[in-house]
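S.K.: Since the structure of chain G is provided, determine the placement of chain X on it from the hints.
There are 2 protein chains.
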Amino acid sequence: MQSATENASATIDETELALMDRYWRAANYLSVGQIYLMGNPLLKQPLQFEDVKPRLLGHWGTTPGLNFIYVHLNRVIRARDVDVIYICGPGHGGPGMVANTWLEGTYSEIYPNVSEDAEGMRKLFRQFSFPGGIPSHAAPETPGSIHEGGELGYALVHAYGAAFDNPDLVVACVVGDGEAETGPLAASWHSNKFLNPVHDGAVLPILHLNGYKIANPTILGRMSDEEVRSLFVGYGYEPLFVEGSDPATMHRAMAATMDQAFDRIRSIQAEARASQAAPARPCWPMIILRSPKGWTGPKEVDGKMVENFWRAHQVPIPTVRGNEGHLKLLESWMRSYDPEDLFDETGRLVPELRALAPAGTKRMSASPHANGGVLKRDLRLPDYHDHAIDVTTPGGATAEATRAMGNFLRDVISLNAEQRNFRLMGPDETASNRLDGVFDVTDRVWMERIEPYDVHLSTEGRVMEVLSEHLCQGWLEGYLLTGRHGFFSCYEAFIHIVDSMFNQHAKWLKVTRDLPWRRPIASLNYLLTSHVWRQDHNGFSHQDPGFVDLVANKKADVVRLYFPPDANTLLWVTDHCLKTYNRINVIVAGKQPAPQWLTMDEAETHCEEGVGIWDWAGNEPDDAEPDVVMACAGDVPTLETLAAVDLLRKALPDLKIRVVNVVDLMALQPEDRHPHGLSDRDFESIFTPDKPVIFAYHGYPYLIHRLTYRRANHVNIHVHGFQEEGTTTTPFDMAVLNEIDRFHLAIAVIDRVPGLGAVAAKAKQRFRDKLLEHRRYVREHGEDMPEIADWTWPYGRGAATA
Amino acid sequence: MQSATENASATIDETELALMDRYWRAANYLSVGQIYLMGNPLLKQPLQFEDVKPRLLGHWGTTPGLNFIYVHLNRVIRARDVDVIYICGPGHGGPGMVANTWLEGTYSEIYPNVSEDAEGMRKLFRQFSFPGGIPSHAAPETPGSIHEGGELGYALVHAYGAAFDNPDLVVACVVGDGEAETGPLAASWHSNKFLNPVHDGAVLPILHLNGYKIANPTILGRMSDEEVRSLFVGYGYEPLFVEGSDPATMHRAMAATMDQAFDRIRSIQAEARASQAAPARPCWPMIILRSPKGWTGPKEVDGKMVENFWRAHQVPIPTVRGNEGHLKLLESWMRSYDPEDLFDETGRLVPELRALAPAGTKRMSASPHANGGVLKRDLRLPDYHDHAIDVTTPGGATAEATRAMGNFLRDVISLNAEQRNFRLMGPDETASNRLDGVFDVTDRVWMERIEPYDVHLSTEGRVMEVLSEHLCQGWLEGYLLTGRHGFFSCYEAFIHIVDSMFNQHAKWLKVTRDLPWRRPIASLNYLLTSHVWRQDHNGFSHQDPGFVDLVANKKADVVRLYFPPDANTLLWVTDHCLKTYNRINVIVAGKQPAPQWLTMDEAETHCEEGVGIWDWAGNEPDDAEPDVVMACAGDVPTLETLAAVDLLRKALPDLKIRVVNVVDLMALQPEDRHPHGLSDRDFESIFTPDKPVIFAYHGYPYLIHRLTYRRANHVNIHVHGFQEEGTTTTPFDMAVLNEIDRFHLAIAVIDRVPGLGAVAAKAKQRFRDKLLEHRRYVREHGEDMPEIADWTWPYGRGAATA
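Keeping their order, the protein sequence lines are chains G and X. Using my numbering, read the first sequence as starting at 12 and increasing by one per residue. Using my numbering, read the second sequence as starting at 12 and increasing by one per residue.
There's no promise every hint is true.
As the list makes no split between identical chains, a pair holds if one copy fits it or if it spans any two.
As a list, the in silico BS3-like pairs of lysine-lysine whose alpha-carbon atoms are at most 30 Å apart [to be verified]:
(1) Lys204 to Lys315
(2) Lys566 to Lys781
(3) Lys661 to Lys590
(4) Lys661 to Lys373
(5) Lys55 to Lys590
(6) Lys134 to Lys310
(7) Lys781 to Lys315
(8) Lys315 to Lys387
(9) Lys339 to Lys775
(10) Lys55 to Lys667
(11) Lys521 to Lys781
(12) Lys566 to Lys775
(13) Lys566 to Lys773
(14) Lys781 to Lys339
(15) Lys775 to Lys310
(16) Lys775 to Lys55
(17) Lys310 to Lys204
(18) Lys134 to Lys781
(19) Lys387 to Lys339
(20) Lys373 to Lys566
(21) Lys204 to Lys521
Since the hints were derived computationally from the structure, they do not count as laboratory data.
Chain G extracted, bound-state conformation (with noise of 0.2 Å):
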């Protein structure tokens, strides 16, 4: 098994692990001191009542096993000069991960307070799950984390997220066996099918299985080490088991066994690397460690259970203010690590337990992989007026959007070929969503079989594919986190499959904003389309447009809303995009035929301006203000709300009519809530402060009132849009049925606007039977009337004067 061109395994100094073994001892120590402490850090009085915190919260149980891998991975690094980053996937690992960071002095050189000596032992103690302090597991504050411990399932999709396009790094990820139990980590192990030996990274997973999860065993603990073994070989790994409690035995086990993959890793890439041929796919290692949870901390307490079981999980002596008997246990059990041998007088680690950490960047807590900003690269953009689709009039054009977003894709693709940097994700919909343009540039990579007849896929390319939003969200963040620039398009109803991903990345970035040290990365940019509104023929399971109601709820620094209803439109949103950095960028865009309503120069316009008046569409004149303002939001709601104009502009033709488009949804709130916000002057001269206001917006109505509700005019907004009424029909039906087509929204104008009498009274009764003929005619034939689908707007650029 054994890679010729390295040795490092071939012999194990046994001097070395013992050292190993007392660095293990001394992040131990820490751990403990961690959860419990707040004074006496090094033990140096007998422990007091006032030493410890009044509330113990924290978990030990994982806590010892990730400091065993830490210890030995420290040790590979140094023996073979590799860039090795460390997902720790146990939620609760914080204790552990903080204790070696602040060992190998990370921690001291980012919060120098924390410094490296008793006073700073403690203020590292102290600030431990404590008010002002830093939370229980991996999180932004960790140096060397790029994954949040708290919500679990998403360890192995951040590591190969990070390993992709990273032929150097080595990046190891402790799955724990509660972990392994969620949906998105079971998906995850399949990710070698589509990790390429040249060109990328490698991933080294370790599934750490203690056993146990709060209260209950877990699945994969339980399950022989021959079941496990299959499984495993079926995920397509290679297994490498260690098994055991003594830790002598466990170090030598662990060294020979991390040697062991690292030579498999490396040889696996040489070959690979060496060899003209597009490679196949690898059986890569994966280590499986099992370990007692709660390993070296007490064996009972008060006569239960505690280490190897579930007792261990949290604080296994739970109260040790005011009980005599806890606190002796708990001193007792810290200085089983024996601190004098571990911490000069001063509190800093000894020099010859100093010596095992690896040195600068090579340190997992300072590698430039998990502060991905620090090695960000901008995006080389292609010019986006080379893909304008050219309207000469509005609506004289007919075009898909996303096509042309993909094409521009396509170029940006190219332009950064040679940087590796960018990737496009989709859950096997990319041709299904019109982006493949990028086919003319690249491949979905796959690293299967590939027979003849296959199309566009190699082990190349730079879309990624596979039918689970989890892996695509979860790539793409690893992917951003590490320094890196990427989309991901789906179908928007599916979206909501990743919410919870969704949350816990937005959480991430408020957090880092708040950590100078933390460089910004790129953002996370969605492409929503395949909508609710053209989801006529796959029917009501795939219609949901609730996903930016989500987003909506998060801190608006970090996120941002775009309804482009046009190709040139969604074509500046996506540069625009492109171009941001710690931010959640959400895009909803068809992707079906549809009339082109600006020249790129007044896509530009508009969409700088975020919302704007539509001068052409309306017919309010210069010197009087208009009676009723139609506003809209998605391109399906602006094809609407254009027809609409239309009709009424033919019944009504002295109703002053002002249109309102707008792109950036934010724009919508108080400029005091979000930066995209407009002032109130500045809304009321769009809006108007007292006319009836139709707004057809894309999705749930609710969200434009919960944007608008402090606006003086809101009492007057009145909004169409899903209704949570669908079903398989055609695109127009579905409008109709949630009333936010042409002929409802000419109604609600009728209706609010006073004063039109009986000529608008017959043209609301012709628009009702226009709905009913329509009914009638799509039973019947199952499409539109030609008269619906053909509508163009007939008013060229100057509405106002026609």
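M.R.: Below, chain X without anything else, positioned relative to chain G:
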């Protein structure tokens, strides 16, 4: 491998197989017909353009495989007289499922206008993916389905949910290789660790590897048999392979394999049921079917490979109207099934084929298990008064609300132990969420090894814990859809993991409400606890109250949101939810010791109203309007509101305060929007027409605005809620960071009530000072100031006159 007690597999009758092949052809014919035709269903005339639908929608690729499985299951059902239901995972298998239900007569029984003759066949074809018709996937409209095929990932978890406590049922579950890539599906295979062969039924997974998704090969489809076998052996199954494309060979192989699988199932069950010992986890069989995508369809279209490739995924011949060549190709494809050999002159299936379908409720399409409301028995509910907390005076008792609920659920479990129709799901958090009263009478179910030191773990438990919200949700959905009852308790923040599953279940319920033949099923009940205000210790990653925002987007007749402020109200709400049907009830309640406000009598009245004035808490005189309304929803907001009232009454004794508590959030909506909505008159009688309302709400404040924006007094409603300001701190500090604490609420009252003068200004300054003092104290001591933590309501029941 064969069971001695059954010998159905001894011989496979070639004549029968030949008939089955014809039955399969009939199903395939009907499937193609649904995708393409609106007339000429039996091809009695040469096919004309006008026979073909104008929009071709639907999915062929998966369908012939689904039909193949269907006919083979029919054989087994007849041969063995077993109860089987068919869960169709592949998203777009609609045409096949519908075809089979029509062939066995169920479709026409339920929808008599789609009769068993040529005219019925024409309607069957026409309605598919047609306006006013049916969706392209198995849906609520499809007889025999409990599983919507739109969003992928949940087929297998639904199958297990259906099998629990259904000892005589076999749930055949087809998993497509596309769906198999999703996270939830990848985790679902481990459900076998929770299935007890004695009192549960069996799940027969049929992994259908047809190799392709929309535009890509599949991961599992391209894996070798060796790796696939290893994977599923690792998951704990015995995989039985059926592979090929020659129909006759495949029929023989499939029939033999089906027999083998059913033999294994019966022998596992017989052995376990005969034994007195607790059963060990069996190695259940599964079938791995490799067959061509688009099997029996066109091999090539326009020179491009279609059969056995992803081009067969949707409509293999994409344009037929107007393309003579394509029309001919379609006709010859359809005639290749030889319709004259399958259907008589009237369009009815010929008798020798009709005889192949099972009869009556043995037909999978007519199984009562797939229309669970038919089998549903009401729960036997204990008297919740038995669990009431004795509240002699408001705030005079302290209790953990969810603990009281746990004791109530314990009694629910006991009373229904014999019916075996209630389960409690949770991601390893039942005890953490203080529901551990249930462990007095039951255990966690667990089919892996059980150690002597394990706690409340047995093969017989009614509590299901797994670290996967997806599995908890999916099992419960499957359990409810087959006529049983349950509760899902979850950390509030992590329920977002199943946002999309919630969406799909809500859609299912909405559609079934318009299908009178579907009998109502029990509601899906959530308890969201360990909520945002008490995740101070776990930090920001665990803090998210936004699930209810998603829920509020759904149709009013499907969803309910409850925020009981204490234990007695929680008991009433729990009892109420368990009596409802066809709904999704979300209850948000805390688990920490907290003051109790209402006696059980008061709780009943309050919960029945949904919202009410707490006379004892305010101090408004009988004969005048209050100066301010202090409203609250949620346990922590209620506590902080009452503490703010206390502060204000002491500082400003003349200020007239009304306290309003909201239990049922939907009461805030207008009555035309939600059945629980208050009339405007009632709303004003509670919230006043014009006084300031300071509303402390549990979640994101926007939801309250969205629910109340149509109310006349909306402009005066000022909501304090979660502002996305989370961190690791103390409970009270969480409230302070988000400004829903007593001091901020009291300050808000002073700011909003006009004319309070200098005394109020001074009080405001004192409250500000208190906030600073709090922050200093918390950062020094790591816990809340005693005066905050120990505050109790000082006025008793006679606040108004105190």
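S.K.: If you check each hint against the structure, which ones fail?
M.R.: 3, 4, 5, 7, 8, 9, 10, 13, 14, 15, 16, 19, 20 and 21
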